Amino acid sequence: MIARTDLQALIDALADADYEVLGPTVRDGAIVYDGIARISELPAGWTDRQEAGRYRLERRDDAALFGFSVGPHSWKRFLHPPVETLWTARQGKDGIEVETPSEPTPKFAFIGVRACEVHAIAVQDRVFLEGPYIDRSYRLRRQDAFIVAVNCGQAGATCFCVSMQTGPKVESGFDLALTELLDAGRHEFLVEIGSDRGAELLAKTPHRPATDAELAAAEAVVARTAGQMGRRLETDGLKELLQGNLNHPRWDQVAERCLSCGNCTMVCPTCFCTTVEDHSDLAGESAARVRTWDSCFTLDFSYIHGGSVRKSARSRYRQWMTHKLASWIDQFGTSGCVGCGRCITWCPVGIDITEEAAALRAAPRAAKRETHGGN
Amino acid sequence: MASAETSAASLVDPFTPQIYRVGRVQRELSDTVTLALAPLSGARPAFDPGQFNMLYAFGVGEVAISMSGDRAVPDVFVHTVRDVGAVSGAIARLEAGATLGLRGPFGTGWPVAAAQGADVVIVAGGLGLAPLRPAIYEVLANRSRYGRVVILFGSRSPHDLLYRRELEQWRQRLDIDIAVTVDHADADWRGNVGVVPALIPRAPFDPHEAVALVCGPEVMMRFTIAALCDAGVRPDRIFLSMERNMKCAIGLCGHCQFGPAFVCKDGPVMRYDRIAGIFAAREI
Amino acid sequence: MEGIEQILRRHQFFADAGEEHLRLVAGCARNHRFDAGEYLCREGEPANEFFLIRHGKVALEMAAPGQSPITFATIGPGEIVGASWLIPPYRWNFDARAMELTRAIGIDAACLRGKCEADHDLGYEMMKRFLPVLVNRLHATRLQILDVYGKR
Numbered sequence: 036m037i038a039r040t041d042l043q044a045l046i047d048a049l050a051d052a053d054y055e056v057l058g059p060t061v062r063d064g065a066i067v068y069d070g071i072a073r074i075s076e077l078p079a080g081w082t083d084r085q086e087a088g089r090y091r092l093e094r095r096d097d098a099a100l101f102g103f104s105v106g107p108h109s110w111k112r113f114l115h116p117p118v119e120t121l122w123t124a125r126q127g128k129d130g131i132e133v134e135t136p137s138e139p140t141p142k143f144a145f146i147g148v149r150a151c152e153v154h155a156i157a158v159q160d161r162v163f164l165e166g167p168y169i170d171r172s173y174r175l176r177r178q179d180a181f182i183v184a185v186n187c188g189q190a191g192a193t194c195f196c197v198s199m200q201t202g203p204k205v206e207s208g209f210d211l212a213l214t215e216l217l218d219a220g221r222h223e224f225l226v227e228i229g230s231d232r233g234a235e236l237l238a239k240t241p242h243r244p245a246t247d248a249e250l251a252a253a254e255a256v257v258a259r260t261a262g263q264m265g266r267r268l269e270t271d272g273l274k275e276l277l278q279g280n281l282n283h284p285r286w287d288q289v290a291e292r293c294l295s296c297g298n299c300t301m302v303c304p305t306c307f308c309t310t311v312e313d314h315s316d317l318a319g320e321s322a323a324r325v326r327t328w329d330s331c332f333t334l335d336f337s338y339i340h341g342g343s344v345r346k347s348a349r350s351r352y353r354q355w356m357t358h359k360l361a362s363w364i365d366q367f368g369t370s371g372c373v374g375c376g377r378c379i380t381w382c383p384v385g386i387d388i389t390e391e392a393a394a395l396r397a398a399p400r401a402a403k404r405e406t407h408g409g410n
Numbered sequence: 712m713a714s715a716e717t718s719a720a721s722l723v724d725p726f727t728p729q730i731y732r733v734g735r736v737q738r739e740l741s742d743t744v745t746l747a748l749a750p751l752s753g754a755r756p757a758f759d760p761g762q763f764n765m766l767y768a769f770g771v772g773e774v775a776i777s778m779s780g781d782r783a784v785p786d787v788f789v790h791t792v793r794d795v796g797a798v799s800g801a802i803a804r805l806e807a808g809a810t811l812g813l814r815g816p817f818g819t820g821w822p823v824a825a826a827q828g829a830d831v832v833i834v835a836g837g838l839g840l841a842p843l844r845p846a847i848y849e850v851l852a853n854r855s856r857y858g859r860v861v862i863l864f865g866s867r868s869p870h871d872l873l874y875r876r877e878l879e880q881w882r883q884r885l886d887i888d889i890a891v892t893v894d895h896a897d898a899d900w901r902g903n904v905g906v907v908p909a910l911i912p913r914a915p916f917d918p919h920e921a922v923a924l925v926c927g928p929e930v931m932m933r934f935t936i937a938a939l940c941d942a943g944v945r946p947d948r949i950f951l952s953m954e955r956n957m958k959c960a961i962g963l964c965g966h967c968q969f970g971p972a973f974v975c976k977d978g979p980v981m982r983y984d985r986i987a988g989i990f991a992a993r994e995i
Numbered sequence: 002m003e004g005i006e007q008i009l010r011r012h013q014f015f016a017d018a019g020e021e022h023l024r025l026v027a028g029c030a031r032n033h034r035f036d037a038g039e040y041l042c043r044e045g046e047p048a049n050e051f052f053l054i055r056h057g058k059v060a061l062e063m064a065a066p067g068q069s070p071i072t073f074a075t076i077g078p079g080e081i082v083g084a085s086w087l088i089p090p091y092r093w094n095f096d097a098r099a100m101e102l103t104r105a106i107g108i109d110a111a112c113l114r115g116k117c118e119a120d121h122d123l124g125y126e127m128m129k130r131f132l133p134v135l136v137n138r139l140h141a142t143r144l145q146i147l148d149v150y151g152k153r
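Protein sequences appear in the order of chains A, B and C. Here our numbering is used: position 147 in the first sequence is 182, and no number is missing along the way. Here our numbering is used: position 70 in the second sequence is 781, and no number is missing along the way. Here our numbering is used: position 107 in the third sequence is 108, and no number is missing along the way.
Worth flagging that the hints you see were computed from the coordinates, not collected in a lab. Warning: the hint list may mix true and false statements.
Stretch by stretch, here's where chain C covers chain B in the computed footprint (C-beta under 8 Å, at least three residues) [claimed, not checked]:
(1) 854-860
(2) 863-872
(3) 889-903
(4) 933-945
Quick partial rundown of chain C residues pointing at chain B, CB under 10 Å, derived from the structure [as the list claims (entries may be wrong)]:
(5) 57
(6) 74
(7) 78
(8) 79
(9) 80
(10) 121
(11) 124
(12) 128
(13) 137
(14) 149
Ranges of calculated distance between the beta carbons of each label pair, as one might list FRET restraints [what the hints assert, rightly or not]:
(15) C:67 <-> B:993: 18 to 26 Å
(16) C:119 <-> B:943: 43 to 51 Å
(17) B:993 <-> C:31: 18 to 26 Å
Keep in mind that this is a model prediction, so the values were computed, not measured. The C-beta atom is built at its ideal place from N, Cα and C for all residues, glycine as well.
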C-alpha cells in the first residue's frame with residue numbers, strides 16, 4: 036500500500052532514474068497524456084462523461100486521481116510516434132548517401148495505464164516485434180518503457196473491456212499496478228508488483244504491506260467497474276460473421292453516416308498504419324524519409340495504377356471494422372480491439388462498433404460470395 | 712515466406728535503402744526500360760523469382776518493382792520499369808552511372824522448384840511478363856525436370872510486346888510452346904488477335920498435371936484463372952502475383968492488405984485457392 | 002479421304018453430338034481449303050455458309066478507307082467462323098481471311114436452316130452450341146475494349 040502523497044515519491048524515483056514520466060492531465064477540455072512531474076498535475080477530482088460522439092469533463096465530488104476512463108490519447112503516441120524521420124540522404128560525389136538518425140531513445144514511464152491499454156500495447160507488440168521484420172525504433176522505445184498501471188475505478192458508457200476480456204483488472208504486462216482506494220477516511224493505493232523493475236522502484240517509495248481488508252476493497256473496486264460496462268460486444272463467431280458478410284446491406288447504412296474522417300483510427304490504441312513521405316530540398320541535394328500515422332479511411336490509402344482499390348466509404352469502413360475484429364485474428368492471433376470505446380466516443384457521428392457488430396449478427400446473410408459475373 | 716536463401720537480406724536493415732548504381736539501360740517499349748543495378752558495396756543478395764525490391768528515386772519516392780532477371784546471374788538486380796507515375800518515371804529516366812536506393816528482396820516467390828514434374832503453364836499479360844521472366848529462366852535452366860512448358864502472353868498491341876526478341880528466341884527452342892496474342896492488331900501483325908484466356912483451350916498442356924503461374928492486370932488474371940479452372944487446372948495449382956499499394960514492404964504499415972493477407976509478406980505470389988473468396992470480391 | 006461425318010464428329014464444335022444430328026448436319030457439309038490470303042467470306046455478302054476450322058488460322062477483319070484492314074480477332078483449329086447465317090438478313094458482318102493454309106468444313110446455311118425448321122430438336126442443339134461461342138466472343142471483345150494493359 037502507498038499513500039496518495041507517496042505517489043510523488045514514485046514519480047520522483049522514476050525521474051531520478053532518467054525516465055521521461057508521462058501521465059494523464061487535463062488540457063483543452065480533455066484528459067490527455069503528457070509529461071508530468073508533480074501529482075498536482077494529475078486530473079484530481081475530474082471524471083469524463085462519454086457517449087457515442089460525445090466527450091465532456093465533469094467535476095467529481097471526491098478527489099480521485101484516476102476517476103475517469105480513457106481520453107483521446109493512447110500510449111501508442113509515445114511508443115509508435117505520429118511523426119518519425121526514418122533516414123536522411125544526400126547526393127554525394129559518388130552517388131546517394133543515406134544516414135539513419137542516431138538520437139538517443141527516451142526511456143518512458145507511463146503512469147495510469149489501464150487494463151485495456153496494457154492489452155493494446157501487447158497487441159502492438161505482436162505487430163511490431165513478432166513479424167518477420169521488426170520495427171527497430173518501436174523496440175527501442177518499448178523495451179525500457181516502465182508501466183505503472185491503474186485498475187479502473189469506474190467504467191465509461193462506451194467501455195466494453197469485459198466483452199474483449201481485456202479488463203478491467205490488469206493481469207500482466209506491467210511493472211506496478213495501482214488500485215485507488217478512496218473513501219471518507221483515506222486516499223491510498225494498493226500496489227501490485229509485476230516485475231523486478233517494479234519491485235526496485237517500489238523499494239524507493241514509502242510503502243507498507245496491504246491488509247486483507249485492503250485487498251478485498253481493491254477487488255471490490257474492480258468488480259464494481261466490471262459491472263458498469265456501458266457497451267457489450269459479442270465475440271463468439273464474430274470473425275466468421277464479418278468475413279462471411281462482405282456484402283451485407285448494413286455496410287451501406289453505416290457508409291451513409293461515416294465521414295471517413297479517420298478519427299477512430301487516430302484514437303484507437305491498436306491502429307498502426309503509417310505512410311511515408313519523401314521530402315527533398317529545392318536544390319535536390321538532400322532528402323529525407325518521414326514516417327507518419329496514416330488511416331485506412333483516406334481515399335488514397337489503397338491507391339494503385341491511377342485509382343484506389345477502396346473508392347467507396349462503404350468499402351473503407353468495412354475494411355477497418357473487418358480488419359480490427361476479424362482479419363487481425365488471422366494476422367496476429369488475437370482481436371485488434373481491446374474494448375476501450377474510444378472509436379465510439381470520438382466518432383463525430385457516433386458510429387458504434389458494438390452496434391454495427393450486433394446489427395450484422397441480427398440479420399446475417401448466408402455467406403454468399405459476390406463474384407464478378409453476368410454478361 | 713522468404714526462403715532461407717534470402718535470410719541474408721533480412722540481416723540488412725530493411726527500413727534503409729542500400730545504394731545501387733545503374734549499369735546497363737535497355738529500352739524495351741516507348742514507356743518501359745530495363746535497368747541492371749549493381750550494389751555500390753557488398754554482394755547482391757540472393758532472391759527468388761517472384762520477389763520484388765523497393766526502388767528509391769532520390770527525393771521522389773519508392774516503388775515496388777519485381778525482379779525480372781535471371782537469379783543465376785550474379786552481381787546485378789534486373790528490373791523492368793514502366794513509367795506510370797512520378798516515382799516510376801524518375802526511375803525509368805535514370806541513366807547509366809546514376810545511383811538509386813534499393814530495399815529488398817521482399818515477398819514470396821513463384822513455386823518453381825515445387826512445380827518440378829508437372830506441366831508448367833505461364834500466362835502473362837502486358838507488363839506481367841516481367842515478374843514471370845525469372846521463373847521462365849529457371850524452368851528453362853532445368854528443362855528436363857518439367858513436363859510440357861507453355862508460355863501464353865497477351866499484350867495491348869504488337870508495339871507493346873515486352874521482351875519480343877527473347878520471346879522469338881524461346882520460340883525457336885523445340886521444347887517450349889509459346890502463343891502470343893494482342894488486343895489490338897496493326898496492319899503488319901500476323902499473329903493471334905484476341906484475349907489471353909482464349910489461348911488456354913488450345914494450349915498443349917495436360918490440365919490435370921499442370922501448375923499455372925499467372926501475372927498481369929487483375930481483370931486479365933481473373934478471367935485467365937476462370938479459363939484455367941474451366942480447362943481443369945486445380946485451383947491449388949494456380950499461382951498469381953497480386954499487387955496493392957506498398958509503403959514499407961515489410962508488413963508494418965498496413966497499406967498492402969488484401970483481406971487478411973499482406974501482399975508484401977504473404978505475397979505477392981499467392982496460391983489461388985487460398986484467396987479465391989476475396990479475389991472475387993469488390994473493393995477489398 | 003475421311004468421311005465428312007467422321008470429321009464433324011471429331012471437331013470440337015460438335016463434341017458429344019448425337020449420331021442422327023451429325024448425319025443431318027453432314028448432309029449440308031462440304032470440305033474447303035483456303036490458301037494463305039484467300040477470303041472465306043466478305044462483309045456484306047450473303048452468309049451462305051459457316052465454317053468449322055480444322056487446321057490453320059483465320060483473321061476476322063474490318064476494312065476502313067485509307068488504311069489496311071484491321072484484324073480484331075483470330076480464329077484457330079477447333080473454332081468456328083460465322084454466326085450471321087443464323088440471323089436475318091443473313092449477311093456477313095466482317096471479312097474472314099486465311100492467314101495461312103486453312104482447311105475447313107463449310108456447312109450450307111440454307112440447308113441447315115431448313116433442317117432445323119423441320120426438326121426443332123436439331124435446331125435447339127445448334128442453338129445450344131452456338132450461343133456459348135457467341136457469348137465467349139462477346140466477353141472477349143469486351144475485355145479487348147477495356148484495354149486492360151493500357152495506362153490509366
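Tested hints:
1. 854-860: It is violated, with 0 qualifying residues against the three required.
2. 863-872: With 4 residues closer than 8 Å to chain C, the stretch 863-872 of chain B meets the three-residue bar; holds.
3. 889-903: The restraint on the stretch 889-903 of chain B holds, since 10 of its residues have a Cβ under 8 Å from chain C and three suffice.
4. 933-945: violated (count 1)
5. 57: violated (13 Å)
6. 74: This interface hint holds because 5 Å falls under the 10 Å limit.
7. 78: OK, holds: residue 78 (chain C) within 10 Å of chain B, min 7 Å.
8. 79: holds (6 Å)
9. 80: holds (8 Å)
10. 121: Not OK, violated: residue 121 (chain C) not within 10 Å of chain B, min 29 Å.
11. 124: violated (26 Å)
12. 128: Violated - the Cβ of residue 128 (chain C) stays beyond 10 Å from chain B, reaching only about 21 Å at its closest.
13. 137: Holds: closest Cβ of chain B sits about 8 Å from residue 137 (chain C), inside 10 Å.
14. 149: holds (4 Å)
15. C:67 <-> B:993: 18 to 26 Å: Between residue 67 (chain C) and residue 993 (chain B), where Cβ atoms are some 42 Å apart, the hint is violated.
16. C:119 <-> B:943: 43 to 51 Å: violated (38 Å)
17. B:993 <-> C:31: 18 to 26 Å: Since the Cβ atoms of residue 993 (chain B) and residue 31 (chain C) sit about 50 Å apart, the hinted range of 18 to 26 Å is violated.
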